[in-house]
Every structure is written in C-alpha cells, then in structure tokens.
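J.: Could you put the whole structure together from the sequences, leaning on the hints where they help?
These protein sequence lines are chains A and B, in that order. Using my numbering, the letters of the first sequence correspond one by one to residues 6 to 120. Using my numbering, the letters of the second sequence correspond one by one to residues 15 to 125.
Since the hints were derived computationally from the structure, they do not count as laboratory data. Any given hint could be a false lead.
To be verified - With a cut-off of at most 20 Å between alpha-carbon atoms, the simulated DMTMM-like pairs for lysine to aspartate or glutamate come out as follows:
{"no.": "1", "chain 1": "B", "residue 1": "Lys81", "chain 2": "B", "residue 2": "Glu29"}
{"no.": "2", "chain 1": "B", "residue 1": "Lys56", "chain 2": "A", "residue 2": "Glu72"}
{"no.": "3", "chain 1": "A", "residue 1": "Lys41", "chain 2": "B", "residue 2": "Glu17"}
{"no.": "4", "chain 1": "B", "residue 1": "Lys56", "chain 2": "A", "residue 2": "Glu8"}
Claimed, not checked - Examples of chain A residues toward chain B, derived with CB under 7 Å:
{"no.": "5", "residue": "Leu95"}
{"no.": "6", "residue": "Thr108"}
{"no.": "7", "residue": "Pro113"}
{"no.": "8", "residue": "Gly114"}
Built from N, CA and C at the ideal position, the CB exists for glycine as well.
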Amino acid sequence: DTEVTQTPKHLVMGMTNKKSLKCEQHMGHRAMYWYKQKAKKPPELMFVYSYEKLSINESVPSRFSPECPNSSLLNLHLHALQPEDSALYLCASSQGPLTGTDTQYFGPGTRLTVL
Amino acid sequence: QKEVEQNSGPLSVPEGAIASLNCTYSDRVSQSFFWYRQYSGKSPELIMSIYSNGDKEDGRFTAQLNKASQYVSLLIRDSQPSDSATYLCAVTDSGYSTLTFGKGTMLLVSP
Numbered sequence: 006d007t008e009v010t011q012t013p014k015h016l017v018m019g020m021t022n023k024k025s026l027k028c029e030q031h032m033g034h035r036a037m038y039w040y041k042q043k044a045k046k047p048p049e050l051m052f053v054y055s056y057e058k059l060s061i062n063e064s065v066p067s068r069f070s071p072e073c074p075n076s077s078l079l080n081l082h083l084h085a086l087q088p089e090d091s092a093l094y095l096c097a098s099s100q101g102p103l104t105g106t107d108t109q110y111f112g113p114g115t116r117l118t119v120l
Numbered sequence: 015q016k017e018v019e020q021n022s023g024p025l026s027v028p029e030g031a032i033a034s035l036n037c038t039y040s041d042r043v044s045q046s047f048f049w050y051r052q053y054s055g056k057s058p059e060l061i062m063s064i065y066s067n068g069d070k071e072d073g074r075f076t077a078q079l080n081k082a083s084q085y086v087s088l089l090i091r092d093s094q095p096s097d098s099a100t101y102l103c104a105v106t107d108s109g110y111s112t113l114t115f116g117k118g119t120m121l122l123v124s125p
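T.: Following this line, the structure appears as structure tokens:
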C-alpha cells in the first residue's frame, strides 16, 4: 500500500481566513513533504519533516505554517494568504533520508483557491 | 545549483508506437532517478525508479540510466491514448533525498 491521503480535495478561502490542509500516511514512512504546484510547472518543495522534525524550509512565507503532530500526520496551516498562493498543494512521504533509495509517494493534492 | 532538463514537448506519437522521453541532469552525485506521470489536474504518480546504470523494465515501461553521460530516459512501448500526460523526471542525491524535478514533457498519444 503506497497511499497518501489529503483533505480537503478542494478549498476556497478569503484572504483573511485561517484554514488547514491535512495529510496522512500509514506506510511507516519517516519523512513527509509539502509541495506547491502551479499550472504547467513542476512541484516546488516547501517543507520537509524528517522523524517529525522540520528539516527543510525552502524560505516559505510565514503565512504557511507546517506541523507534524506524529509520524503519520502532516498539517499545513494557512493564514492571510494572497491570491497568488492559489495552487495545487501536494503532500508526499518517503521512508526517510539516507536510506539510499528514498522514493517519494504523492497524495492526491488539495486544490486551493484564494479569493 | 542542481538542474534537470527535459524537452517540454508536446511529444506526439500514434497509438501503438514507442514514445521516448529524455532527461539530463547536472549534478554528478545524483544517486536516484524517478519518472512520474501526471495527468492534468492530478498529482504525480510514480512510474519508474532507477538507481544503477543500464535498463530497468516494468511492463510497457523501460527506464534507461547512463551516469557517465548524466542522462536518463523513459521508453513507453505500445503507447496508448491513456498514456497522454506530462512526464516528470526527478533526481535526488544521497543526502536529504530532496527531489529536483525537470519541467516535464507533455506526451500526446493519438488514436
């Protein structure tokens, strides 16, 4: 089973709203990732959690706040977003760093629209 | 700066033909190589992974890796209209396993 689940599938929010995206995996993976993908572009890495600790933050604005409550769950808290933040937000997981053949599996994504 | 280059396409092939997708990468320490398929509006789906020089076959798909030339390719035999998608090449090194993606090649298979 290589399933990563994400909720919600779609989200429309105003610039003053606070919302959260959720990601879950039950593959025993110890690394989890958030990506942002705009139309006709490749996924762009935002954050990496390794063993439940934030290991990479790719200079993402503070209006995006990641959280890893446990090894199976990853959240992305959103606050005061801008219309240009509208995109497909992808979660991925992998066995973990330094495993030699670390393969990332993606969830179905959350389509976010900021009005 | 790591770079992964792909022809953006579209690559158009007739149904039943072989589709050949190519990718070059700049970082010689790259260790793992992946091909993802992405349908419009959907998330990337892993098609193939390859770690050592040579060919790796899985059904209609064959990945080829040449580390000396820093080149990885994906062959799709007996192409079907359902193969029409964007194919993303991605590479990672042996460190923190962050993926560097190419911009993707759009494949169109016509009936």
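J.: Tell me the numbers of any earlier hints that the structure contravenes, in ascending order.
T.: Checked against the structure, the hints that fail are numbers 1, 2, while the rest are satisfied.
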